[in-house]
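Asker: Going down the list, the sequences are from chains A and B. For what it's worth, the numbering used here labels the leading residue of the first sequence as 1, then goes sequentially. For what it's worth, the numbering used here labels the leading residue of the second sequence as 1001, then goes sequentially.
For the record, the hints were derived by calculation from the structure and aren't laboratory data. None of these values were measured; they are calculated from a predicted model. Watch out, some of these pointers could steer you wrong.
[As the list claims (entries may be wrong)] If you anchor each label on the Cβ, the simulated ranges turn out as follows:
1. B/Q1038 / A/K112: 26 to 34 Å
2. B/Q1028 / A/E66: 37 to 45 Å
3. B/R1015 / A/A13: 42 to 50 Å
4. B/S1081 / A/A13: 44 to 52 Å
5. A/A13 / B/N1072: 45 to 53 Å
6. A/L110 / B/R1010: 24 to 32 Å
7. A/K69 / B/T1079: 37 to 45 Å
[To be verified] Partial list, computed: chain B residues near chain A (C-beta under 7 Å):
8. L1043
9. Q1105
10. G1106
11. L1109
A virtual CB, placed ideally from N, CA and C, is assigned to each residue, including glycine.
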Amino acid sequence: DAKTTQPPSMDCAEGRAANLPCNHSTISGNEYVYWYRQIHSQGPQYIIHGLKNNETNEMASLIITEDRKSSTLILPHATLRDTAVYYCIVRVEAWAAGNKLTFGGGTRVLVKP
Amino acid sequence: SAVISQKPSRDICQRGTSLTIQCQVDSQVTMMFWYRQQPGQSLTLIATANQGSEATYESGFVIDKFPISRPNLTFSTLTVSNMSPEDSSIYLCSVDRSTEAFFGQGTRLTVV
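Make a model of the complete structure from these sequences and hints.
Answerer: Following this line, the structure appears as structure tokens:
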């Protein structure tokens, strides 16, 4: 699986959008971009994933650049409960390789009132 | 979604002893995965547990230290053997469901 690079930490204001960048310049054509988050003392939680088109669900939006070398996770209206470590992972889709996830350092997001 | 139950949720153990962690899934899955998260660190895959065959271990992890059982398609155990303080970590099991990975809440282990 390709490696990813994320900023180690970032702060954002409650109620504002949080934009979390991720670089994955060595991503392969069959690899997806996945985002997970880990709230303190809990197991990681799936947020969203995409291949090349932008994706949106009830939690977040995922913007992938045209060359697929980077992406941005957008939390549209951050709340205090969004404080967590966010992991960007690139991998082939689940059924192709099991869920062998390679976690990088992630971004520690602190949402402030 | 998948419901994953891990037991115990936390434990404090004496060095030299062993602890077995249980992971129960609410439906049958082919593979179950065990991760370790050392204090302040990210998750690292220990091994993949397949029903009916030996687990596949990642580099740096060996069966003698982390024996795994997978007696059926909904259950697995991970044993941390001959523990030392360096084994103090959160241990998590995980399964695939469709395109997502689901994780248990983890077992917080402290070795004293």
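Asker: Against the earlier hints, flag every one the structure doesn't satisfy and list their numbers going up.
Answerer: 11
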